[in-house]
Amino acid sequence: MRSSPFLYFLLLGIARQKGKHIGVVSISLVVLFLLSSVLFISSSLHHTISSQLESEPDFVVQRIRGGVRVDAPVEWIDKLVDIYGTKSVTPRVYGRYALSPKHEWALVVGVDFTDEQSHKGLEKLIGDTNLKQFLKSDQMIVGQGVARYLKSHFYSDSYSFMTPEGAFKKVDIFKELSDSSSLISNNMMIMPIDLAREVLGVDDESVTDIALSVPNDDEWSSIEDKIESLYYDIRVITKTDVKRIYENLYNYKGGLFLVLFLIAIVTFSLILYQRYAMVYSTERREIGLLRALGWSISDVLRLKFLETLVVVVISFVVGVAMAYIYVFVLGAPLLVDIFLGGDNLSHRIQLLPVVDLSVLSSIFLLYAVPFVASVLIPVWRVAVTDPKEAML
Amino acid sequence: MMSPIIVVERLYRKFTLGVESITVLEDIDLTIDRGECIVLKGISGSGKTTLLSIMAGLDKPTEGNVIIDSESIAKLPDLHISKFRAKKIGMIFQHFNLLEHLSVWDNVLVPLVPMGIDMDRAREMIESSLALANISHKSDTLASRLSGGEKQRVAIARALVSNPEIILCDEPTANLDLGNSVKFIEILQKLHSLGKTIVVATHDPLFDNLPFESRVIPMANGKIETDI
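Chains E and R, in that order, are what the protein sequence lines are. Residue 17 in my numbering sits at position 17 of the first sequence; the count goes up by one each step and never skips. Residue 209 in my numbering sits at position 209 of the second sequence; the count goes up by one each step and never skips.
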């Protein structure tokens, strides 16, 4: 440790001002912890959405009337199959079902389990479900949010839907979807397509929309144009559009936090700047004395820079580690609700540990640059003044 | 024949206060030979401290030139003048200017830090300068716990640690009692015998007619009155 006088003097300086440094590190830890937590949650959600949407169909075709989606006729399916380049054209039946008159609703998803293509998209969600057992009677698979809601209303084994005709339809709960897919499936009720038609009141000649895939990415744009030219009331939604909708939602929330934390960091830097700008007379004298004893301006700046860097690195490492534990081990209690709070049914998701280097470097830059600048600029201003004057 | 180590040529130092220009040093010409011990004598405001600061490269002249060991330092950029000061000049200040929160040993280390030497060499240099200033026994004591005389000896050790050729002392006994002032003069004599060039700015009568001093240069109103 004593191999270099500079290193020795640097450590001496840090140890001597440990009270001040502990204060700065503590404030930095709070800022860094919150900033890192938000960015970790945001990137984990981003990653989860991307991987879960991977199994979504490339295109979804809907019918629009008066700007509102209405059911599409089944004959559209034949027209879509005829377009060269399309594959796996699958009718889908789904719709919102109000669980309570005011707030909670679920997404009823009807799947044709006899058609392999039709339920392929849901493979990731339903996993190794025993389809034979599932299709034996009127049963459904529910997302975590739905399951929690139903249990809280004493529907632990089954739920009685009210059909558009006013009759009750009892459907048993076959199983619950896993936590890991909750971001997408939280409010889903997956059931056989005929059962979904009955619950939602969709006749046999109609479908909610039609999903299809286009294996060649280069063809996407031209096939989208061809589909849109089929009917005047047709709308095509691509997988990219869906991804963008989800990402925008979470990026927007993450962005809001980022702005708040930038404000916090700027405020913190201004406080530091002010503190160093008024550099205590003893510190001012000390810089003047160092200069008088043969230290150049760059020697003084190097010492203060390294002193600050040690504080920055310690704060960064500890702050990020704390955020990692909070988000990926403890599940980010409180903060995650702010991100997922827009959904009508409460979420409980397992955040996947995703540590993106660009996120880490962004955190470091957002924090370190203003911090170091707010310390070094005032020190530089003292260092360039006449040593005699600074020593007064 | 002795060679000159400090040459001051037609030196002026002016300060501007609002619209007013104050001349602190006026037309100073001075040559100090290697190994000389010079006393700049004068009352407060006579310009001796400013002249000493310019010799140390801590201040820049408004006009004129200062040549130290054949190198003109008046216009040297910061990096060069700092290195030059660290290597050639040891400063002893009126108020000792120690870092009070550091130990004696650490205070003496300060001038060596930017020199890029290793710690073993630094240790040797510190030990020898502490011994020369008779303060080795206090090396682990905090500077804030020292008496005035001890602080002055630490300041001497710090000035000597890089083995500079020139020692500049600004009112070195102003904050010392008679006993410590005499001890300081004894150390000065020891440094003189080691061949150091010493310039003392003082108004203390103790420095009149010291056996080892070469010249007393009286200053008044920013000018050298007579070079005795």
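Worth flagging that the hints you see were computed from the coordinates, not collected in a lab. You may find that some hints are simply not true.
What the hints assert, rightly or not - Calculated pairs, BS3-like style, for lysine-lysine (alpha carbon to alpha carbon, straight line, at most 30 Å):
1. Lys-388/E x Lys-183/R
2. Lys-83/R x Lys-190/R
3. Lys-226/E x Lys-243/E
4. Lys-14/R x Lys-388/E
5. Lys-223/R x Lys-136/E
6. Lys-14/R x Lys-75/R
7. Lys-190/R x Lys-169/E
8. Lys-87/E x Lys-223/R
Claimed, not checked - Chain R regions said to be covered by chain E (calculated; three or more residues, Cβ under 8 Å):
9. 50-59
10. 106-114
11. 170-180
As the list claims (entries may be wrong) - Per label pair, the in silico range of CB-to-CB distance:
12. His-80/R x Thr-282/E: 48 to 54 Å
13. Thr-385/E x Ser-128/R: 47 to 53 Å
14. Leu-357/E x Thr-16/R: 53 to 59 Å
15. Asn-209/R x Ile-314/E: 55 to 61 Å
All values derive from a computational prediction rather than experimental measurement. A virtual CB, placed ideally from N, CA and C, is assigned to each residue, including glycine.
Are any of the numbered hints broken by this structure? If so, which, sorted upward? When the structure is compared with the hints, numbers 5, 7, 8, 11, 12 and 13 turn out to be violated.
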